[in-house]
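K.L.:
Starting from the known structure of chain A, fit chain B onto it as the hints suggest.
Chains as they are written, first to last, in my numbering: chain A, 42 to 466; chain B, 42 to 466.
DSSO-like, lysine-lysine: derived pairs with alpha carbons at most 30 Å apart:
(1) A:123 / A:261
(2) A:301 / B:92
(3) B:348 / A:92
Because the hints were derived from the structure by calculation, they are not lab data.
2 protein chains.
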Amino acid sequence: MRPPSLLSLTIASALAHITDIVDLTDIPDFLLIELFLGTLRAGKLTEKVLKVFIATGNPHILSFIESLGIKIALTPILPTLKDDEVDIVITALKPDLGFLEEWRPVFSRFHLIIVKDPDLLDADLKIPPGFPSLDVYNQSDMESLVGKKALSLLQFTGFSARYFGYLVSRRRYIIFIDADCIPVRDDLGHPMDVVNQHLVNLTTPATPFFFNTLYDPYIKGSDFVRGYPFSLRCGVDCAVSCGLWLNTPDCDASVLKSGKRIERIADAVITVPKGTMFALSGVNVAFNRELIGPALFSGLVLAGEGKVRHKTMEDIWCGMCVKTVCDHLGYGVKSGAPYVQRCVDGATEQESPECTMVAANLLEVAVPFFQSIRLPRTAISTEACMLEIVKLVREKLGHADSSFARAADSMEEWVGVWRSLHAKL
Amino acid sequence: MRPPSLLSLTIASALAHITDIVDLTDIPDFLLIELFLGTLRAGKLTEKVLKVFIATGNPHILSFIESLGIKIALTPILPTLKDDEVDIVITALKPDLGFLEEWRPVFSRFHLIIVKDPDLLDADLKIPPGFPSLDVYNQSDMESLVGKKALSLLQFTGFSARYFGYLVSRRRYIIFIDADCIPVRDDLGHPMDVVNQHLVNLTTPATPFFFNTLYDPYIKGSDFVRGYPFSLRCGVDCAVSCGLWLNTPDCDASVLKSGKRIERIADAVITVPKGTMFALSGVNVAFNRELIGPALFSGLVLAGEGKVRHKTMEDIWCGMCVKTVCDHLGYGVKSGAPYVQRCVDGATEQESPECTMVAANLLEVAVPFFQSIRLPRTAISTEACMLEIVKLVREKLGHADSSFARAADSMEEWVGVWRSLHAKL
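So that you can see chain A by itself, here it is in the shape it has in the complex (with noise of 0.2 Å):
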């Protein structure tokens, strides 16, 4: 018998003390592969110890646990955002942009786009300075870039004059608040960084297979709860991030004049899970332009609406358009925190509970066509998405109301001009 070698030795003294062993970096290749293989051996591969195999980076260790089929829940490292990639766009309801003021600490270092509403004609826009990198687009930019027949079908007006800013962005992510909200401010005054917490949002993954009662697991604080399947806890991409606001709620009108306020802050993040439809409300919305661009995109835009948002449906359709195809090519949605302050006192605006009931009675229908249509596997891009969902609308709800029909309508022609913008590029 030949006595143990230096090398087994030296294995069978690390092995005995594995789990105290925090970094393996600077181990020589055939000395960690050998003690990769001998912590196998011995059945002390705990998850703690593989973490420590993983973080040396080793490419044949890498691919030894893959061929293992270990799946591993990585704790995500944000990326580090350059300001580049994020575009904050806005749109002009009215002249007076002078609640840009507040934003300015939040704001300022990044790309602002904003879309004056074709209704506000020639009047000039008051932008506040101290934002040094900003576009401003207006009617003419916009027959000029998408032609006057197509505009006249897309309807960029009123709420909707956003999805031209969506439109000409050329950034990551976007961010979407409403003129008519400001910063909430922390107990010492200081506005909250709505930007950074939608980007936490969405450079997180999403969990809409599984529920976790503690939220978003990727949250500072939070975490998977016991009984979480591991096999789950990688997440999926997250496109969108629906945030909420303080003050009043985004209600229907009768709601709104009951006074009915919303005065704390609920400290959660949620994936609206896989098959469950939403009502995504237009006020402070970010979304991963690369990922799902097109879908963010309405069309159902009904007579008179556009200018009050508890008048309008184009956000609620929207919603359910982009919850059909994330649901289909598997990205997260996620409601919640951040929130902002609104300022709009609901209250005060004339009550119509007509264009409610119109409202209403399309969601009757609108709702369960969104919860019953299934998407065809050969659709695998958002534009061969938004073109099923057309196709679909046209089949089934065409006939229901012909504000369903334009919308289709709309909605083509969006993919249309989105498809031939972005193939100049």
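P.N.:
This is chain B only, laid out in the frame that chain A set:
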């Protein structure tokens, strides 16, 4: 031409001011009906006006509204619960129940069911005074009620002892809190009333068919958001309310070792959407026993588990059974507030990756199973649903691991015991 009658003039005058009228209860029936028909004809029947008519409680008006197919989103009025409709179930895993001291202001007016873990043998329980209505059950009670043979299958030991408490309860609502939890205290030092908050969750409807971005619309301060379909605003009965806790999260051993703590209350209650699974934790949970009683059982007990929360699978399995039954029968499951304060320090407990791995591997099989099964339409009671799950577990999971087959046997026995005990009443 005849002059207008006094009646017609009265109606016309009331109609002209119908939107200003806030109370019609004192109007004679025939006038009320004339006025209602006139309001309809004049197109003035807004939601607000409708509510005033409904508030009269006039049966002709109500049946007329029903025949018109008008759906109304009623703000639920919390039923005045009697204290004797609530059972608080506590399992004694250790003889000293001193933690109940802290709960006295919250629990003392309710009936307590204390189930002594059979493993405690002859040890005397130390129960603080001040709980006038209290029953203690021990192993001999278990044996005399269900028999030794059934008991060996049902395994009412460790955390599973609570299921015996559910079995002997005769009250509508059951609230269960782990013995390592005390009340969260507000800024003034008052204990937060976990019982009342659970009852609010259980007595207001749940909304499993559409996600409300402002969370539970029935909780004070919230409401349905714009775009939430009116036809779904009546919600469904809520069967289960899963609470949360501060301090040590209910995570896997590895997370507990990291020292992560839950330090803030997220002021939200969410209906887990239909079709979405979640990991129920047994730490702090309440349910409507009359609605869903026998679904709260597990039967999946792993070797050596039962005394340490983060090593148990029973509550996770129980949660997936309950969710499957609720989804099938059209009941809701809520998760979120109320919180309790957990005192256990997970970091001091021994890490047991092997135990975690066994549980994790079982979950990788069990979760897809529960996500995919559909119960037959003929299963219209909780008992029938549980027996269908038993059948499916045997058929599809029995071969994967013997724990599943044992769980099926145990669940079948449980339903039998539940039926025979409740048939006697």
